[in-house]
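On the provided structure of chain A, position chain B as indicated by the hints.
Protein chains: 2
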Amino acid sequence: MRLARSLAAAALAAALPLSPLGADQVPPLGFTPESAKAQRELEARFDASLDAARLREWMRRLSARPHPVGSPYGKQNAEFIAAEFRSWGYDTSIEEFEVLFPTPRVRLVEMLAPTSFKAKLAEPPVPGDATSGLVAEQLPSYNAYSIDGDVTGELVYVNYGVPKDYEELARRGIDVKGKIVIARYGGSWRGIKPKVAAEQGAVGCLIYSDPRDDGYFEGDVYPKGAWRPEQGAQRGSVADMPLYPGDPLTPGVGATRDAKRLPREDAKTLTRIPVLPISYGDAQPLLKALAGPVAPESWRGALPITYHLGPGPAKVHLKLVFDWKLATAYDVIARLEGSQWPDEWVLRGNHHDGWVFGAHDPVSGLVALMEEARAVGELARTGWRPKRTLIYAAWDAEEPGLLGSTEWAESHAQELRDHAVAYVNSDSNGRGFLGMGGSHTLERLVNEIAAEVPDPQTKVSVAERERARRLLRATPEERKELRGNPRLRLYALGSGSDYTPFLQHLGIASLNLGFGGENEGGEYHSIYDSFDHYARFGDPDFAYGVALAKVAGRVVLRLASAEVLPFDVAGFTDTVARYGREVAKLADDLREEAAEENRRLDEKTYSLAADPRERSVLPPRRAPVPFLDFSPLQNAQSRLESATRAYQEAVAKRGGKPLGPASARALNRLLRSLEPSLTRQHGLPSRPWFQHQVYAPGFYTGYGVKTLPGIREALEQRDWKAAGTQVQVAAGVLEGLAGLVEQAAALASGGE
Amino acid sequence: MRLARSLAAAALAAALPLSPLGADQVPPLGFTPESAKAQRELEARFDASLDAARLREWMRRLSARPHPVGSPYGKQNAEFIAAEFRSWGYDTSIEEFEVLFPTPRVRLVEMLAPTSFKAKLAEPPVPGDATSGLVAEQLPSYNAYSIDGDVTGELVYVNYGVPKDYEELARRGIDVKGKIVIARYGGSWRGIKPKVAAEQGAVGCLIYSDPRDDGYFEGDVYPKGAWRPEQGAQRGSVADMPLYPGDPLTPGVGATRDAKRLPREDAKTLTRIPVLPISYGDAQPLLKALAGPVAPESWRGALPITYHLGPGPAKVHLKLVFDWKLATAYDVIARLEGSQWPDEWVLRGNHHDGWVFGAHDPVSGLVALMEEARAVGELARTGWRPKRTLIYAAWDAEEPGLLGSTEWAESHAQELRDHAVAYVNSDSNGRGFLGMGGSHTLERLVNEIAAEVPDPQTKVSVAERERARRLLRATPEERKELRGNPRLRLYALGSGSDYTPFLQHLGIASLNLGFGGENEGGEYHSIYDSFDHYARFGDPDFAYGVALAKVAGRVVLRLASAEVLPFDVAGFTDTVARYGREVAKLADDLREEAAEENRRLDEKTYSLAADPRERSVLPPRRAPVPFLDFSPLQNAQSRLESATRAYQEAVAKRGGKPLGPASARALNRLLRSLEPSLTRQHGLPSRPWFQHQVYAPGFYTGYGVKTLPGIREALEQRDWKAAGTQVQVAAGVLEGLAGLVEQAAALASGGE
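Same order as they appear, the protein sequences are chains A and B. Residues 390 to 1141 (our numbering) make up the first sequence, in order. Residues 390 to 1141 (our numbering) make up the second sequence, in order.
Honestly, the hints are just simulated from the structure, not real lab data. On a predicted model such as this, the values are computed, not experimentally measured, just so you know. One or more of the hints may lead you astray.
You can't tell identical chains apart in this list, so a pair holds if it fits in one copy or across any two.
Claimed, not checked - In silico DSSO-like links for lysine-lysine, alpha-carbon gap of 30 Å or less:
1. Lys553 / Lys974
2. Lys613 / Lys507
3. Lys613 / Lys677
4. Lys993 / Lys848
5. Lys677 / Lys509
6. Lys869 / Lys974
7. Lys553 / Lys869
8. Lys704 / Lys613
9. Lys708 / Lys507
With the rest of the complex left out, here is chain A (with noise of 0.2 Å):
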């Protein structure tokens, strides 16, 4: 059965209490008609005191040399952020952590048959980009966490590793078992390729870069053009993060110098199998030698080759020996303490560790986040005081799996779930569209901010702007959602970039914000990722950094100010609504495939069809999926929609009059605890450092996000059973929830 979408959530939706979109005389969501005034003249000195131009000098200077954690110019940077915060006034501390991170010793991938071929394995200089020359400091392309291992074996072409390609496979009659894979990015997140070609039985993995993906199909190559060239690499971490990001050695707690620490050989989230990143220049030689069947037509890529699956009889021998030290990360903590409630934490965080250079990423972003800072600072020393304690932070470590934001976090953890309002994400940035990620109950926030941010290359507002994206992508039926919503929905938030600790581990109320969309090229992870790169393409003029300043700096002022903390439940309980909906299509849909397959396998429908010339297995008899109990979610559900009816109607009814001080107080609080009641101790099965019960990274997807992970992952895998359970797990949750909105609508009636 569906969850119906009961009409009381769409006279909700559509009763909802929306400031017409940059409209200055409607007070900002959380202020009342005087208190927005000074924020909205606040804003201006704000918006007036940014200058690209500064954005542009710190990327040259934080750029110049790699800075990946443990590397010498990683520290100076830290040390160069550190300072300039604490001349803009900030209380300001590096915090160290003691961190696994493994660099290479020996990296070697050679073919030992149909012929000889050892890969280069190296990025060389390219004319015109000045920091490709300096190879000294380089890390070498490769994957973090993976396990030392000199492995041979015939080779497989697994297209992006994820588990419905080795079902492909296995039709074919293929498997890998003591077989090197060789995957090509994307499709998932990177340390899943590993993870699942462990599992199928895999004893090597090798990742590379097809042209179809990030080379010379989507454009030219750099530096003529922006994509990644023909010996180009990825480097990036495989951990296993679905399970925990942050330092192997220290699960759920702070990688402190004097930390307990796993064993090496207990840590969980190394992979299983010895993985390494190649260039399609690398690829192609030990691609074109492979036989067997033709890969399906979507596993092909752009190479100028028939792609095989194999195996074989490419042999591929690989060695990859690591250096398994301890390096220290260099967290900057730039405090600025709040006037009125300093006790309640606004935070706002970008990395600032790169694989390489990392101009785009992180230090697009990171230089955007200095920026803002600046200019609060600036604000702060004429005068004005931010009402609740901001706390600025630039991560280290973020790369090899989210160390310096999870240790930090983890370290802090019981001073967050006492202070923390909200904590606000940037990573890479560049020219084009706003990206918003987050919190539901964030939503409105972010969109009366974005309608009132000015894009800077067409001067309607950024929301405006990324209306109009969705618009052109978008199927009949999300046009139709799209121009019956005055809001642009936040995409949910899977992982991938340093949120994750606070939203998923602390329940902490998170958004993910950044420009991009006109910057795409294939400069990721690899040593063209520079200055000379971003300065052509990725936001020349860096008005997209000083436009993340406003939109990032709009939202940290007003969580810092709003008298009522501007989160909005009912953009939380719409959604939730949707994705209720979606798990219960999915258990309908599930059911409905696994008659179809039963029903195909009865009348022979694919041995009919199947070329008698080529191999071809049967699927598995598929166990019929049973009708399982939503009630407990629809219920809670309906409970949700209720308060948030009685909540929305209670704040209508006192028209901006404002509450006592111990009722906003109170109410402050409640609000603060909406986000961590979606919480639960336990996390989620199997993995407990994951408490959100919500929003999730995938298991199989790595940063893709699972909404409802609970349920949905318990359907896909097909356990009838945890999907059950996890019913009710996720009713308990939204019933808590309800009723913590049920006693906000009490206060919000109260005649204080």
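The following block gives chain B in isolation, referenced to the frame of chain A:
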């Protein structure tokens, strides 16, 4: 308003007296229980006499040397085929036509800037392919009926070169006036590409075979695999066949020696600009030299380059000079006189000319026809005679534009109108699945037969195997339709083989039959379409050649001997109702699209979402699409449904009781007149040669069919007035058909 599928029609479809598939006990359509028995025995003897070894030897002989129209070996093949037919007891003649058939004298493609390059324009011999080295008699790669030309211009890449591709170019501010375009094969029939290019103002046209479409992207290239190698090029006609096929100089009349001919400059089916096909080996340097915007993603092929659109800087010189000679086409016509109704003719044909060796196209189909005819001749020698006259044809000059069949059909138009019952076509054949296209009045006949002939590989019926293939490719909606319908629908015929003059000019019910789908390759119209290629990749044991003989032979034998002609109007009634719904939906879709497009212009959606750094031009404002009056078509459809039901009921009521000879003859005359009633002497708007009002090749798709073409193409051309007129025309045709069916119902209800 959409055409409602009336409940009556649904009830009708459900009530059809279908013979259980494969059940020998139920008489085939048109036979009495008594005559059915003899027919079954006859077909068993027919099957038993078929021998794959003969197909193989004939193919070896017929494809041993190049045999296009006008070649010495083409003439020898015709004489060989005629002699074989004579030896099997057929009254056989060779009919000659003198047709315009240009062959190249000069072919030059060179790049003048930014670098120099001269195209090879030659297909090299390959090891293991015996005939590829027989260079002397090979026609070089060219497009027949390109005009002469000597043009120089900047190059523009136009994807498939269909009208919507030029809309995409216009959105990027690119026009092709005075330019040379390079299009890839695919997406439309090749003749559309120079036609549209000329309409757009281009001065020359190159057509190349991208490896994405039939080269290494699809599979290993010849001779390792079946696919088109680097220097392989696709010959083919570019005459404007959707205007009229056949000899360009003699539209509408047979190109006999003394026929009145147009001066060449008045022949409207010749191209307006010079055009030449090239290999991807020759295309790659040209495409690589293009600058300008990157091509849209769906335009990019599999070459290892970034696909740019141009114009230029690649500057190309194209020079073509042809020898505009007349050549003699030799049609082999073999006749076996009917014993009972000799003035009713069953026609069966396949062409014999090939662009070069033509093993697959057309010899694979031709040898199946020959073996079928031989077996029929053998039956005739043992005392059996067909009740109706059989005419077997081996057409010449199909490749340059259906010349052999068209000129013969035009020469014998009146006799054919008087006598023809049906035309059964085949062409290339190969391993795989039965393709079934044609007049929907023959859908039931073909389905009965397809349910009886076993598939050589799986041993189920060829219908069952084809059904499995369709099920696996179906959308959920199509799957439901497939499973709800015991019959496999025939595809509607566009053009591309010799049925066109019979079906679309003369209104003779036609079929096109052939196996394929497991014989994929890139040999089409190249020197690599050889015996060696076919024997490896086409149909190695010629079992599907025998299967084609069984299917087409049964069709011929049943048409020849059924007491009541095996036409089933219900199959047509149901199908034309679908076409009616489709054109009504097309009008609605166009209306919604226009409204959406205009709304986007009003709301500046395109300009806001566009990248300001890339040139983009707004699409033109759309005129609103009026609501059209489809009621005449709906009323005609409704009458046709009633008449069809009445006929079905009358037939059911008779319960197999035969009509008297006079009534039977009258009924057969009526059944024969059904398909001709769907034609109009004035033909389609702007192309009078095409007289059929239900099936036509698309004016801008070429081979691709347009059903209810008058209405559909008026809508596509946004000519609402013409669409309204064409609704009336189609309604008139269907009213006429309904009248005939009403007469048939009255006849079937009569005592005698």
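Run through the hints listed earlier and report the numbers of any the structure violates, in increasing order.
Of the numbered hints, all hold.
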